[in-house]
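There are 4 protein chains.
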Amino acid sequence: MADTLTKDRLERMITRRRDFHRYPESGWCEFRTTAKIAAVMSDLGYEVHLADEFLKPESVMGRSLDTEKEKNRALSQGADAQWLNKISACTGLMAELKTGFPGPVVALRFDIDCVDTQETNDTEHLPVKLGFCSENPGWMHACGHDGHASLGLAVAEYVAEHKNDFCGTIRFLFQPAEEGVRGGHAMTQAGLLDDVDYFIALHLGLGAPTGTVYGGTHGFLCTTKIDARFTGKGAHAGGEPNEGKNALLAAASAALNLHAIAPHRDGPSRINVGVLNAGEGRNVIAPNAFMKIETRGATEKILNYVYERAVQVLNGAAAMYDCSVEISKQGEANTTFSDPELTQIVCEAARETNGVTRTDPDQLMSGSDDACWMMKRVQDHGGKSTYIGLGATTTAGHHNSRFDFDEKCLPIGYGVLCGVLNRLSKK
Amino acid sequence: MADTLTKDRLERMITRRRDFHRYPESGWCEFRTTAKIAAVMSDLGYEVHLADEFLKPESVMGRSLDTEKEKNRALSQGADAQWLNKISACTGLMAELKTGFPGPVVALRFDIDCVDTQETNDTEHLPVKLGFCSENPGWMHACGHDGHASLGLAVAEYVAEHKNDFCGTIRFLFQPAEEGVRGGHAMTQAGLLDDVDYFIALHLGLGAPTGTVYGGTHGFLCTTKIDARFTGKGAHAGGEPNEGKNALLAAASAALNLHAIAPHRDGPSRINVGVLNAGEGRNVIAPNAFMKIETRGATEKILNYVYERAVQVLNGAAAMYDCSVEISKQGEANTTFSDPELTQIVCEAARETNGVTRTDPDQLMSGSDDACWMMKRVQDHGGKSTYIGLGATTTAGHHNSRFDFDEKCLPIGYGVLCGVLNRLSKK
Amino acid sequence: MADTLTKDRLERMITRRRDFHRYPESGWCEFRTTAKIAAVMSDLGYEVHLADEFLKPESVMGRSLDTEKEKNRALSQGADAQWLNKISACTGLMAELKTGFPGPVVALRFDIDCVDTQETNDTEHLPVKLGFCSENPGWMHACGHDGHASLGLAVAEYVAEHKNDFCGTIRFLFQPAEEGVRGGHAMTQAGLLDDVDYFIALHLGLGAPTGTVYGGTHGFLCTTKIDARFTGKGAHAGGEPNEGKNALLAAASAALNLHAIAPHRDGPSRINVGVLNAGEGRNVIAPNAFMKIETRGATEKILNYVYERAVQVLNGAAAMYDCSVEISKQGEANTTFSDPELTQIVCEAARETNGVTRTDPDQLMSGSDDACWMMKRVQDHGGKSTYIGLGATTTAGHHNSRFDFDEKCLPIGYGVLCGVLNRLSKK
Amino acid sequence: MADTLTKDRLERMITRRRDFHRYPESGWCEFRTTAKIAAVMSDLGYEVHLADEFLKPESVMGRSLDTEKEKNRALSQGADAQWLNKISACTGLMAELKTGFPGPVVALRFDIDCVDTQETNDTEHLPVKLGFCSENPGWMHACGHDGHASLGLAVAEYVAEHKNDFCGTIRFLFQPAEEGVRGGHAMTQAGLLDDVDYFIALHLGLGAPTGTVYGGTHGFLCTTKIDARFTGKGAHAGGEPNEGKNALLAAASAALNLHAIAPHRDGPSRINVGVLNAGEGRNVIAPNAFMKIETRGATEKILNYVYERAVQVLNGAAAMYDCSVEISKQGEANTTFSDPELTQIVCEAARETNGVTRTDPDQLMSGSDDACWMMKRVQDHGGKSTYIGLGATTTAGHHNSRFDFDEKCLPIGYGVLCGVLNRLSKK
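Residue numbers (my numbering), protein chains in the order written: chain A, 667 to 1093; chain B, 667 to 1093; chain C, 667 to 1093; chain D, 667 to 1093.
Incorrect hints may have been included.
Since copy identity is lost for identical chains, a pair holds within one copy or between any two.
[Said to hold, decoys possible] Dumping the calculated BS3-like pairs for lysine-lysine here, alpha-carbon to alpha-carbon at most 30 Å:
| id | residue 1 | residue 2 |
| --- | --- | --- |
| 1 | 673 | 737 |
| 2 | 1093 | 995 |
| 3 | 967 | 899 |
| 4 | 829 | 673 |
| 5 | 722 | 1074 |
| 6 | 737 | 1093 |
| 7 | 722 | 1092 |
| 8 | 1042 | 899 |
| 9 | 967 | 1074 |
| 10 | 795 | 899 |
| 11 | 967 | 829 |
To be clear, the hints were calculated from the coordinates, so they are not data collected in a lab.
Owing to the predicted nature of the structure, the values given are computational and were not obtained by experimental measurement.
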């Protein structure tokens, strides 16, 4: 298989990865990335559908940006102008090859957004040393999605090159806004998974070293991301403190009591108030407060318990200070498991791939991924899903400002995914 | 004047004070005290009205006791059986002399209840040394009301002895339940002050040494006493914590946020959660919590602000934990001021009294007294009121388990009150 | 086996259980219970060792009582005077049969204390209806230890009756103070388990109906029971609030932040502030507060994490209010597992017992039991331990004031334990 | 007196006020304002001393800015380049006229900084309508210091014009950074008040309508401004929450308990957490938190009580979460009173001023001003100080984004100050 990875293709994969890394784009802002992928996929002969075509507006969560400003930025950073102009609002795309021969629908998902982290400028950091460090302040590919996007394009090249060998449909989902688990639900609601027989997502890193391949994953935590915005009333803190409605104290009280939500008998749960910003000035009773919260649970039942308790706490805390509170969902993911049979197919493909030193059917995930919506939709319709763990040695934990991964994982990922497609979709 | 204080009368005053001290009775439980006072006043020829005659049930706050049990206790401690039997529920009494001659209605108020404090058994403590320490566990005359009651009876003796010298009506109010400011409002609502021309309350101690007499008082804080009872739901803290509704945490959160109520532009305010009891067992999510709260303010407006904020906080805290909370008023006092003219009359009487070394028209009160209801009612009807500060050197602060006062203040108080009556009600 | 349960023995077992139920005794107060068991065991020919003989004082946690008062109560409730007099301080006992024939040391543990719960007086409650409701206010056998103690005596009768058939040593541990996990550690530290080859503990109920027998148990949570006592400084809340050091607010703040201790990556943890009592009076800044806390964790590492965080929170909260806090351990339990081989032996014995409708090798425990100290000590010395789940239909959850269990579980427990002994210790 | 206010001078006063309003500069950033004032004062013949000459670095609090950036901004907004270049770091200035004739040292203080508020762009707002709305985002003259600065220059013109009529020294203090009470202490520490016989500060507005003049002021609250910076440790909130040290919860707990600091027996106090910013991302245990706090008290004793309690709370809250906290003072003001004699002189001057409809010796201040440092230093050296209240009808409260004041107050202020100087410093 690996012999299909020509030197040219490998170089392109690395070059593209570093280009994505240099121009990272946060969730729903991936205009440059989307335009670039669309151009490549279109040139390869795929039928390209931009997200505006299929995303239902009511399913789009956590999207808040100045579209024009971001498109201008993308353009100034070398986005393909023609494709950029076709995007009116939503980023991400689907591109597929319909072979015309009877066969399964196979979908591969690659997430393309970056993390809201400022990349280190330490000269020991490889992207700094080699000059592909983030040019977008506060944004950084610190989770490896630059690798995912680039890997997807390389696999797409392979498929396009061998299209006559395949049957059924091969569908590439380049998903926006995975961070904050926002885009996965929207793409699922769009119906893109309804006819899929085999679904494959992949994540690099996650603590496993280069050379390891997990055929599947379990233990995803269901999660809901919540913003809470308290509104009270300002007043001079010295002159008439009794006139104020203290949103800062309402939020502080909420934060403490949110973290005090009791655990659930049935399994792990989590809650975090990750961000709290309140107040206008030192001598003013704070009239406003804003909190970013996330709730998690091993099952939907546990998540619902935590979420409902969180809503009680937020409302009660606001009432204590005669404030109002606006609660809005900013993202959601559920949990599911990898199909054992498909997991085995991945492991077989991995064992034939150069550089793979260890295969394992299953890894434990301690976080969340909105690919779960897609996996579950496919499973609910009788299809099979898996979430591959692609080992990649990293220099720091995911989301850390010093994160970098071993690019040697990319040819391995290429080999595994091409191998799986050969097993599932060969005529 | 002081020559009317015969050695016998002085001895009786001291003896009665020590007797009251030995058998202290908490608010609304003053069965023995009431029966004893009623017997004396009746024997002296006064028209005695027990509280059951005049108190309106709906005006009685903070009364919760086992009447039979307390009456039995009173009986076993030497209460006058005949008078005890006449009391069906409420303690306290009014006794008056109607002279039949035209003249003012003068009312004197003496509060008779004790404090919920366990008296020290230190042998240095005078009541221990002389054998009149409290025999009622958890109850103690630690505020001086034993002195007030005894003083009232001595003045009543003087008035009875000289009844032919007086005109108008002289009315003695022996008030129950001043601690927790419960009885004053009830006696006012009963109409006992509606026809009063001059009203005089008195308190011994309050930081002034024996020999000092203040003709009046200002700065009383309005206050409301509140009980809050949270009800949640118990659950095994290890096995199914998610099933609980944690009343302890609701109350803890309420306590913090109650104390964080902002001060008021217009003047001093106070809030205190003095008592918090919650929970049933170490390994059970606490299903209940109980709090004793008091709110204070320099004016009714400020008090209302604090009270309304407190209700918001209590309800919001309960809502955070899906608990219910029952809020009940347990006592109330307002604020008022002493009439300058009447204050001067007191000072004149004081200057003629043996043992008085300093007179002052006005003392500052940093607490509350429900005599304010009576004072204000009289003032609202065009009468004059004052609240005398009777200096008394003490061994410890009021409400302290080691509190004792210098009995030499009693003959001074006797002299001042008799002198005031001679000025107001002499034919 | 069950044919050894004569009508007389069954009746004695029920009668004793109801007698223990009527006179329940809280942990370390089991004077009547201990004296009674000692008398029976001694009469049966066992070598009886009272706890004073073997417990090391420094290993006794959570013991705080008026020994004389409790012994007097026990005497007045029919305790065996001779045995009672032999107890100077600690309750509980060990009684053993040394057969003199080579064979294993088998230890059986029965816990004998009650729960701090007020039993319902509802006439529908069987102990009320039949007249064996608790006579000790605030104490109740609401966990089934009355059944355990009675069952232990019945098994001891069987062993005594058939002593010539047995080899090795059969040791009965009647453990005090299991509630609050206090006595188990002390008995283990006393060395009573150091030579044991097979150790068997048993608990009735736990959610399983009569007829079910679990051969073993897993999932015990390690736990530490903590008391925290805050000392601040009282002050009049109206007059000089700034002089106070508010222990109530320190404790309230601690409670909230204790419950907010983050969960642990490695597995379940728990924390509970079950009881909070603070303050002296409504108008006094609370000078004291007392909290009963428990921490739990699936492993010792997790427990230690929670415990250390709890200590940080308690000290920090006290510091916020310039209070001191005294933290004391009141009990401890660790976790362990049941030995698979011994579990199988229990299941075999169960399958031969009348009334058993279902056997299962393993139940999941969501709580803690200080039998784990004993189990682990035996395992650490190369022995085998198990914790039998004896199904018993109950009228309400454990520790509930309406708890009662189906006494039909007792003959089943008798059959299982005798059967196990026949398998382990028969010559 | 008013006849000295020529039409030209009045127009310049209004023009300058609007110019200052259009280019407001926050505390320690007043480069353009300082340069402009220095140029005018120098041209008028005053001896000008820039702040760099006299401010001691260790006395400069709450100064944190990019000096070059602000100087560039000032230059681009028309600052006098020559004077701007002379400022190396600190803004503000002192300018004086030494007459050479024996006589008192009289100091007048004008504060020149703006507030951190975004000015409204409502077209009904006069500065918007007339085109002098703030050009500096987030900065606004919403307290009237634009009027103070302009008024100071007009009075300086008068003095320069009549310099031969005056004796002693007349000193103008153009103070930076009054907001946040930072500059006043620094100027006092610089010794500028040590030889002053009469000191006069002035504030327009403060709730009094145009035409009212208060000769003096009392009731200033002592205040300390504090920043608190908590440092904990980030960790993935789902994957390893136990690894975090939650600075957000430490700060939330601090905020609640700071607001719960008990009031003081001796008089009013205040505390406010006006701003709280914590956390980095939704799914990260927050590793940092920042709070802006202010404490106030009617006396230094009360302020010290609140400040010391605040430090206890901050340290205790940090300890609860194993975080560190860095506490830094950002500003300070004390309290003082206006001298009655000087107050009378102001009232006399006011009564001779056109447009004055009411004079009053004393206004009550419910806030803080760091002119108190200056007033007190002068009083401590035997001089006399006052703080004039210059009535000015306003469109909204001070610090509000819609604040504007009636410019008719400026000629009144001119008349009063010139009149006072004529009384104090005329030969």
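Results of checking the hints against the structure:
1. Proximity of residue 673 to residue 737 under the C-alpha cut-off of 30 Å is found in neither arrangement, the shortest distances being 34 Å within a copy and 54 Å between copies.
2. Proximity of residue 1093 and residue 995 under a CA criterion of 30 Å is satisfied in neither setting, with 44 Å inside one chain copy and 70 Å between copies.
3. For the identical chains of this complex, residue 967 and residue 899 are inter-copy neighbours only, at 20 Å across copies versus 37 Å inside a copy, given an alpha-carbon limit of 30 Å.
4. Taking identical chains as interchangeable, the C-alpha atoms of residue 829 and residue 673 lie at most 30 Å apart only when both belong to the same chain, with a minimum of 21 Å there against 84 Å between chains.
5. Taking identical chains as interchangeable, the C-alpha atoms of residue 722 and residue 1074 are never at most 30 Å apart, the minima being 38 Å within one chain and 59 Å between chains.
6. For the identical chains of this complex, residue 737 and residue 1093 are neighbours neither inside a copy (42 Å) nor across copies (72 Å), given an alpha-carbon limit of 30 Å.
7. In the homo-oligomer, the alpha carbons of residue 722 and residue 1092 never lie at most 30 Å apart, since the shortest distance is 33 Å inside one protomer and 75 Å across protomers.
8. For the identical chains of this complex, residue 1042 and residue 899 are neighbours neither inside a copy (45 Å) nor across copies (35 Å), given an alpha-carbon limit of 30 Å.
9. When the C-alpha separation of residue 967 and residue 1074 is checked against a cutoff of 30 Å, the pair qualifies neither within a copy, at 40 Å, nor between copies, at 37 Å.
10. In the homo-oligomer, the alpha carbons of residue 795 and residue 899 lie at most 30 Å apart only across protomers (28 Å), although the nearest pairing inside one protomer, at 50 Å, exceeds that limit.
11. In the homo-oligomer, the alpha carbons of residue 967 and residue 829 never lie at most 30 Å apart, since the shortest distance is 44 Å inside one protomer and 55 Å across protomers.
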